[in-house]
Amino acid sequence: MSVAIAIILVITLSAGIPVAFALALTSLVILLMIGDIPLHLIPQRMFTGIDSFPLMAVPFFILAGELMNCAGITQRIIRLSKALVGHIRGGLAHVNIVASMFFAGISGSAVADTAALGSILIPAMEKDGYDKTFSAAVTASSSVIGPIIPPSIPVVIYALVASVSIGGLFLAGIVPGILIGLGLMGVSYVISRRNNYGTKHPMVTMQELIASITGGIIPMLMPIIILGGILSGIFTPTEAASIAVAYAIIIGFFVLRTLKLKDMPGIFYRSMVTTSIILTVMACANIFSWILSTEMIPQKIAQILTSITRNPWMLLLLINILLLIVGCYLEGLAAIVILAPILAPIALQAGIDPLHFGIVVVMNLMIGLITPPLGLCLFVCCSVAKVDFIKLVKVSAPFVLVEIVALLIVTYFPQTVLFIPHLFGYK
Amino acid sequence: MKAYLKIPIFLHRLLLPVIFLLGASMCVVVLAQVFFRYVLSLPLPWSEELARYLMIWIACLAASEAYANGSHVGVNLIVDATPPGVRKIMILAIHLAVCILMGVIIFQGIVLSLALTDQISPAMGLPMVWPYLAVPTGAGLIFIQSAVLFLKLVQEPASAAKTCNAE
Chain A
1018 MSVAIAIILV ITLSAGIPVA FALALTSLVI LLMIGDIPLH LIPQRMFTGI
1068 DSFPLMAVPF FILAGELMNC AGITQRIIRL SKALVGHIRG GLAHVNIVAS
1118 MFFAGISGSA VADTAALGSI LIPAMEKDGY DKTFSAAVTA SSSVIGPIIP
1168 PSIPVVIYAL VASVSIGGLF LAGIVPGILI GLGLMGVSYV ISRRNNYGTK
1218 HPMVTMQELI ASITGGIIPM LMPIIILGGI LSGIFTPTEA ASIAVAYAII
1268 IGFFVLRTLK LKDMPGIFYR SMVTTSIILT VMACANIFSW ILSTEMIPQK
1318 IAQILTSITR NPWMLLLLIN ILLLIVGCYL EGLAAIVILA PILAPIALQA
1368 GIDPLHFGIV VVMNLMIGLI TPPLGLCLFV CCSVAKVDFI KLVKVSAPFV
1418 LVEIVALLIV TYFPQTVLFI PHLFGYK
Chain B
105 MKAYLKIPIF LHRLLLPVIF LLGASMCVVV LAQVFFRYVL SLPLPWSEEL
155 ARYLMIWIAC LAASEAYANG SHVGVNLIVD ATPPGVRKIM ILAIHLAVCI
205 LMGVIIFQGI VLSLALTDQI SPAMGLPMVW PYLAVPTGAG LIFIQSAVLF
255 LKLVQEPASA AKTCNAE
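Here the protein sequences come in this chain order: A and B. Going by our numbering, the first sequence opens with residue 1018, and the numbers climb by one from there. Going by our numbering, the second sequence opens with residue 105, and the numbers climb by one from there.
This is chain A alone, in the form it adopts within the complex:
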């Protein structure tokens, strides 16, 4: 039966059926093959798959990000990043990366970051003497940071399907996110220097620095409110996310005065449609996971993996390679929903810390955003910057490489991930 499951899933997925419905169809066929199970299991598992209060953090994070975007915080973030790193060689490349790191604290979705920053920074970089493809590559590769630095939607989803603490996993993502950011800045510095990209910018004046920081405080308070609320134990992650929505609405209407009442239905509609895409996958994956567990698939895969190696380090390497391959073909969130319930117990059994493993999985699948053939952020950058896809893939290669190095560091030095969560008492 496990072979049948794999074959049907691969056929339905590669036929181009949306991931959610491919999962449901595979489950339907398998249920018919098993025979004596009533089919109302399908709507029931779909319902229970999304009947979850913690899952509601997802629509709220999406909504808060969308509200903030529409309120026009992008310019403020770019100004703040310019004041901080604009004077280093390859200035605008660094600005791009640092702005992505700030943005990561607000939207939690890589694609939104890419589109928002790319449309402003790619033309600006081009004007400043950077190669267009290089600018697109920097934008695409830095958007990977978004889902790793908290708050992050993939992290929420992983935490839910693998039953680990959302707050703990948020904290675990901070150092790896910064690590990727620094790595990308290093690569940009070397490439910009070698190709003489960009004009030299002087360090900003003290006045501009202070002005840009005060301007940037408004968006930057958002992740602090979210993380602070969760870590102090006052709010659940969902409640913290709803506060973030309220904060974004107050800022947009009363402080920046850029949001208008007539924009609201559109903003809510777009956010909820985006939410529904994720929730459909969750709902359908819940039928699929029922089949996986009745057929004892995770145990069987665990057996195969442990017959290859019992060493946790080797196991992590195998899982990393598997995920990097999967991440090239399958959208990251869908891959998390399908694979985390199978892999997390295996990792736990091998003695790998669940928070550490969670970040490794999320980081790994997010690198898939910038690897061909299905790098979503590459596609977004291609259309924003109007550059050739193949050329973009080539120019992005050093960035992908540095991200894989960061992934290996995070994989083999668990303390990089675990030290902040341990500091806050998450074990």
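Hints are not guaranteed to be accurate.
What the hints assert, rightly or not - Lysine-lysine pairs mimicking DSSO-like chemistry, simulated, CA-CA at most 30 angstroms apart: (1) B:K110 with A:K1403; (2) B:K110 with B:K192; (3) A:K1279 with B:K110.
Because the hints were derived from the structure by calculation, they are not lab data.
Dock chain B against chain A, hints included.
Positioned in the frame of chain A, the structure of chain B alone reads:
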């Protein structure tokens, strides 16, 4: 314009304000929960349950809009690589498969909802039929959208066949 092509337009006009209202209510309910628990120390017993059911209805209604826009995630690699004639057939097959799946979910969803008529939700005492009906309703909307997309593509030339997923 063919009459059936007006269906998605009508559904969009109908669903946009409905989704907005449900989404806004979900926010208000959770914010009220926070306010009552932490400011007034009077936790609301029903807020969490109501917000969950609102979210389920939102997801089920909005999923059909996502299907109509082709924004569900999927693997387009193979479909994109095929010549237009084959692609058209593949995409028709996708819409057909989705129609069949939705048919099963609609039927079984109604069976399930009817089986739950005497079950009530723990906090609000709401008959569980109402939240559970979201699943067959959503499936019904996706059924309509995929049937429309199917009919539309049948009448169009093969070159019009675009992949139906976001990546």
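Comparing the hints with the structure gives:
{"no.": "1", "hint": "B:K110 with A:K1403", "in the structure": "34 angstroms, violated"}
{"no.": "2", "hint": "B:K110 with B:K192", "in the structure": "22 angstroms, holds"}
{"no.": "3", "hint": "A:K1279 with B:K110", "in the structure": "25 angstroms, holds"}
This entry does not satisfy hint 1, going by the numbered hints stated previously; all others are met.
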